[in-house]
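Going line by line, the protein sequences match chains A and B.
Using this note's numbering, you'd call the opening residue of the first sequence number 1 and step up by one each time.
Using this note's numbering, you'd call the opening residue of the second sequence number 1001 and step up by one each time.
I should point out that these hints are in silico values taken from the structure, not numbers from a laboratory.
Being a predicted model, the structure only gives us computed values, none of them experimental.
Hints are supplied without guarantee of correctness; some may be wrong.
What the hints assert, rightly or not - Only pairs whose alpha carbons sit at most 25 Å apart, straight line, appear in this in silico BS3-like list of lysine-lysine:
(1) 143(A) - 1363(B)
(2) 1128(B) - 122(A)
(3) 1191(B) - 122(A)
(4) 1279(B) - 117(A)
(5) 1263(B) - 81(A)
(6) 1279(B) - 143(A)
(7) 122(A) - 1126(B)
(8) 81(A) - 1191(B)
(9) 1290(B) - 143(A)
(10) 1126(B) - 81(A)
(11) 167(A) - 1279(B)
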Amino acid sequence: MVTNKNKSTKPVIQIKEMHKWFGNFHVLKNISLGVNQGERIVICGPSGSGKSTLIRCINRLEVHQQGDIIVNNVELTGDLKNLEAIRSDVGMVFQSFNLFPHLTVLENCTLAPIWVKKLPKKDAEELAMELLTRVKIPEQALKYPGQLSGGQQQRVAIARSLCMQPKIMLFDEPTSALDPEMIKEVLDTMIELAETGMTMLVVTHEMGFAKKVADSVIFMDEGEIIEQNDPKNFFNNPKNDRTKLFLSQILNH
Amino acid sequence: MSRKTYKPGNYPDLPPPPGTVGIHGWIKQNLFSSINNSLLTIISVVLLYYFIDGIIGWFFLDAVFDAESKIACRKIDDGACWAVITRRVGQFVYGFYPEAERWRIDITFLTMFLAFAPLLYPDIPKRKWLLYFSLIYPFFAFVLIMGGYFGLQKIEYSLFGGFMLTVILGVCGIVCSLPLGILLALGRQSKLTVVRTLSVCFIEFMRGVPLITLLFVASSMLNYFLPPGTNFSILVRVIIMFTFFSAAYIAEVIRGGIQAIPKGQYEAADALGMNYWQKTRFITLPQALKISIPGIVNTFIGLYKDTTLVVVIGLLDPLGIGRAALADTKWNGLSTETYLFVALFFFVSCFAMSRYSLWLENKLNTDQK
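Only chain A is shown next, with the shape it has when bound in the complex (with noise of 0.2 Å):
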């Protein structure tokens, strides 16, 4: 396990008695959840129990109904500027990639810092290719996205998301999509970047990542977060019977 130094008290963000629906449906139950800066959270449970929404809720891809979110000091509200300052400090690297698909791995990654923080281009295409090489894809940077493997588009969506210099790094089950040879490319890169010391919210189904990195495991089933543990104790001695269940049939199977 990589112990964390970069772990601190500052809170970066705090979620208060928060609730979402989709409609009628009731899909996120009364969270309350505080991450401090450098601390890695990973989020299980079944699929449907809301783990995914619950991180896009963080940078506003879906919006919440009741309770508070507090990011960097900012509380989300329908306010545009709020919202920008929110995105532009928050990451995000999704299941299926979403690189777009008409620019090349370079411009994929230079786009939005050279529009959102009016970076001027060279600057821009310089950490593009520092972050490109930290994620060992350099020699990719004039191809498009189509021409690569699934590993290597999904660390170029990393790379992407880094360059816009974020404080939070939010990771929904990154590694999903992709063929088990490259799994192991990607979780690499993300155990690299964990040990920078940035913030990251990871929902996934790799335990092995969760053991190595995670600070804290949170179970997560229909709406409610049911457990939170450092992950010594999440995957020893899980408290909760629902827990125990999901455990046993994702590790023994």
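Given the coordinates of chain A, work out where chain B should sit on it, guided by the hints.
Relative to the frame of chain A, chain B by itself:
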């Protein structure tokens, strides 16, 4: 044939069996794959030979390219009498534009390619400079064609005709309807109810009314709807109607393109902090337009051919000129030649558009290149 054996893991890449690739393979697979296929191939070649023989004879070998009249033609040979075209080619091209001023049309037409080049071919050298020219080109073309400035003789709209009229109507309609169509497509997807409703009403109205009705409105009624004091010439009114009509179709084609973009694209752009216009400009439109190219070009080709409808409101498009030629007692009865010539002109223009769109689709195809 002896088969070589290899150790596992050492099997080399062998060439394909003979006769399966290359021109030989193609002919074998496509023309002579079975007895029936071979028979069909032979019959087709024989038929083609007879057809082509007759066609070439009528079009070229037995044709007359210059004569006084149809009767004079028939005395020389019994093929096509192209004299109806060659004797009146000026009218077919320029309508009744004064002969001494026709150089103005020639220059406008030739420089049009220069103005379009940087828009159609993004990789062209000196693109930036050419783009400046594209920007001033509409004014340049207007002054040159209409006259009335810089000592150029003013020419009346009513003298316009022939292919020149087709190109003016077609190009203006195409150039104006694309941006309007894009705006309407975005408007129809807008979250603002007023914008969305207006766009939907406009699109549905324009699509729900025959073009010919709109042209009659343009010729007779449009001035009632406009503020008093405005008085557009009939040509401008017709261009407005063509633009509106094809913009409605293009809006729907582009809407299809926009809806084909996966939701994840917008989520990724949102997550990067991009605002609506940034998303539209860099994410939505480049992808939506690429998907819609076949549909857009389809609409353009339709619009271009529909310009012949102006004949019903008395403008002399190539078909009108053709009719005038046929009404001449000298050329009475040469409708085959006349209409074939007009058809050839339209075919060449439309085929060029179609080829360009294929080229563009290929160029913009970014997967697995």
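Status of the hints after comparison with the structure:
{"no.": "1", "hint": "143(A) - 1363(B)", "in the structure": "holds (14 Å)"}
{"no.": "2", "hint": "1128(B) - 122(A)", "in the structure": "holds (20 Å)"}
{"no.": "3", "hint": "1191(B) - 122(A)", "in the structure": "violated (36 Å)"}
{"no.": "4", "hint": "1279(B) - 117(A)", "in the structure": "holds (15 Å)"}
{"no.": "5", "hint": "1263(B) - 81(A)", "in the structure": "holds (23 Å)"}
{"no.": "6", "hint": "1279(B) - 143(A)", "in the structure": "holds (22 Å)"}
{"no.": "7", "hint": "122(A) - 1126(B)", "in the structure": "holds (22 Å)"}
{"no.": "8", "hint": "81(A) - 1191(B)", "in the structure": "holds (19 Å)"}
{"no.": "9", "hint": "1290(B) - 143(A)", "in the structure": "holds (19 Å)"}
{"no.": "10", "hint": "1126(B) - 81(A)", "in the structure": "violated (41 Å)"}
{"no.": "11", "hint": "167(A) - 1279(B)", "in the structure": "holds (23 Å)"}
Hint violations for this structure: numbers 3 and 10, all remaining hints satisfied.
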